[in-house]
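Asks: Please model the complete structure; the sequences and the hints are all you need to start from.
Order-wise, the sequence lines are chains A and B. Here the first sequence is numbered in the working numbering, starting from 33 and rising by one per residue. Here the second sequence is numbered in the working numbering, starting from 33 and rising by one per residue.
Misleading hints may appear alongside valid ones.
It does not matter which identical chain is meant; a pair holds if it fits inside one copy or across any two.
Pairs of lysine-lysine, PhoX-like flavour, derived with a Cα cap of 25 angstroms [claimed, not checked]: (1) LYS375 x LYS185; (2) LYS144 x LYS375; (3) LYS82 x LYS158; (4) LYS299 x LYS128; (5) LYS82 x LYS142; (6) LYS389 x LYS354; (7) LYS128 x LYS174; (8) LYS239 x LYS73.
Everything labelled a hint here was simulated from the structure, so no lab data went into it. Keep in mind the model is a prediction, meaning the values are calculated, not measured.
Protein chains: 2
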Amino acid sequence: MKNNYDVIFALNKNEGKKFLADIEGKEPAFLCVIATTETAKIPGISAAGKNPEFTDYTPPADVELLLYGKCRCISGVPVTPEGIPTPALITMTALKMGDIPAFIVVGGAKIKPDSPIIDLGGRPGKDVRSGNSVEEPEEIFKKAELIGRNFAKISDYLIIGESVPGGTTTALAVMLATGINAEGKVSSSMQNNPRNLKTSIVNEAFKKTGVKFGDLKDDPLKAVSLFGDPMMPAFAGLVSGAAEKIKVLMAGGTQMGAILSILKTEKPETLNNIAIGTTRWIIEDENSDIKGIVNQFGEIPILAANLNFNGSLYQGLKAYEKGVVKEGVGAGGASIGAMLKSKGIINAQILLKEIEKNYKKLITGRL
Amino acid sequence: MKNNYDVIFALNKNEGKKFLADIEGKEPAFLCVIATTETAKIPGISAAGKNPEFTDYTPPADVELLLYGKCRCISGVPVTPEGIPTPALITMTALKMGDIPAFIVVGGAKIKPDSPIIDLGGRPGKDVRSGNSVEEPEEIFKKAELIGRNFAKISDYLIIGESVPGGTTTALAVMLATGINAEGKVSSSMQNNPRNLKTSIVNEAFKKTGVKFGDLKDDPLKAVSLFGDPMMPAFAGLVSGAAEKIKVLMAGGTQMGAILSILKTEKPETLNNIAIGTTRWIIEDENSDIKGIVNQFGEIPILAANLNFNGSLYQGLKAYEKGVVKEGVGAGGASIGAMLKSKGIINAQILLKEIEKNYKKLITGRL
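Replies: Okay, here's the thing in structure tokens:
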């Protein structure tokens, strides 16, 4: 690695340095996987939308923002109930500054974005408490794998992000079902992580299906069909197809543990060709433990974009420093991608200035 | 250009040589645009299917063959009423030999392939005689343009093919409406080109809408909405977005004239960054005139894969030499792409041998 970057090596530092050296100056493609799950509508579970019903619009609005610089299916941008803007604002800025092409992959979503999409034929996810969450995850996985394999032929490496409100609860369920010690470790878009609520939801789903911790460790896609969301098989399939040949930066927070659970069984060799790319807000979060999750899968590096919004002019951005939102839509990974592609010309400070400009445009409606 | 290729310079030889020199040894991506139009079901108009009703299945089956080496939505492969196999067999072989990644773009289709697709939100096309053929072509064009622009960031160049039964009739109508002298010049998948039938269908559509030759020369997307098919705005949009930055090989026959009509108005500068890539069977066809069409758009090169199936062991392939099928699913362009990527290691003879192997596997069902 020739240059310095605003990237924190949060876990497996040597592997992380090697990963960055491999992608430095290279041309990535960014894929964003979106999905919806009815789980997001359980009161108190997700802040990815003004209110629970609104969460269906968050993934399509997020990716419209990435592609067009503004949302189409809603006015303004997705916000938490307190009005804190979507991390897609960070991702959009990073992709634009880095001139990184973005493609949208739909795992299964109730509302489709008003944009071109890569459709894998998946259906929206159901409430995890039904014990019947995702239809035909194997099909979604295989179709995504083909897409990943084809992108690997033309991209130096891939950055894959996701947007699925309610996704940490389904991730918790899938990790526990596949024997990953994730209790109390998953993150939240809220400042006060509703851990007890998540656990009781997962317990209800486990009770309904008779599944106990670790029962599905050899069949993670079965765990997805029972307790997951449609982002998971799509995301895991993309990694599986691409990481046969090229590096993949898995751009997300604690949900990445569910993806690793799938890969560990479906394509273990890909675990040598990946890194987790996230934000400082995730690795410093005291109410979740991404390192404790990723540690269970071997020596996978965690890289965190060292973004700092403390000095921001805007309360909506400063709130990120108080532990609201933290990550999503591949914000951390896209930031790392832009910094590495530009060989450090783009850094955390320059990113913040541009994020602020874009935020101002979006809140004043002056596009 | 350093090597020799089985490519015929059919028009604008100097530009053609320059184009080949530019793409020699480079890594393309192949995009196949599919669509359906009710026009294909007019008796006698298309041989792209066992019978008219079957034409809805031809585009999805064609692209399944490209991606999976076999069809999924039908058994066997698409054939003409006489049992002559789809040109997708050529494309599939060329892409596989050249290790060229393929992506499917749906302009608007009644039957979706059982595969990942890039969906532009378009609807299937209606009968051209309705004078109301394609819904919202501008939207399809813009979405395709975004996809083309993003692929241009990661591919050295693009090869774009199409599969739309009935497409030469809609192409004739769009070309005439936009002032291109195409009468008697469009090709056919049949040995006996039903020219009079095509002309009378177009006349009926023109009468219904009150449009005359050249009336829509400044509004080709309006011509598409009245008389086109959903492949057209998707294909033209992809070229428009990609050819801003990289070369595009437009892999098709006389239908490419309708795409050129759109580009000439919507993005004329892209006409300097493209070539038509087709087959010898198209340029030697006595019942159509691709050169006479392309000539009307300036110095755009026509390159033709010099495939020759006379020596084939199989009647189904030999029939191509009698003027059946001729082109489709980007067969000519994909062959050129495989030859150029391999710097001539793949040639027409090697391609034929491999096409025969794949044909044998498919007709005996031994996959």
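Asks: Hint by hint, work out which the structure violates, then give me just those numbers in ascending order.
Replies: 2
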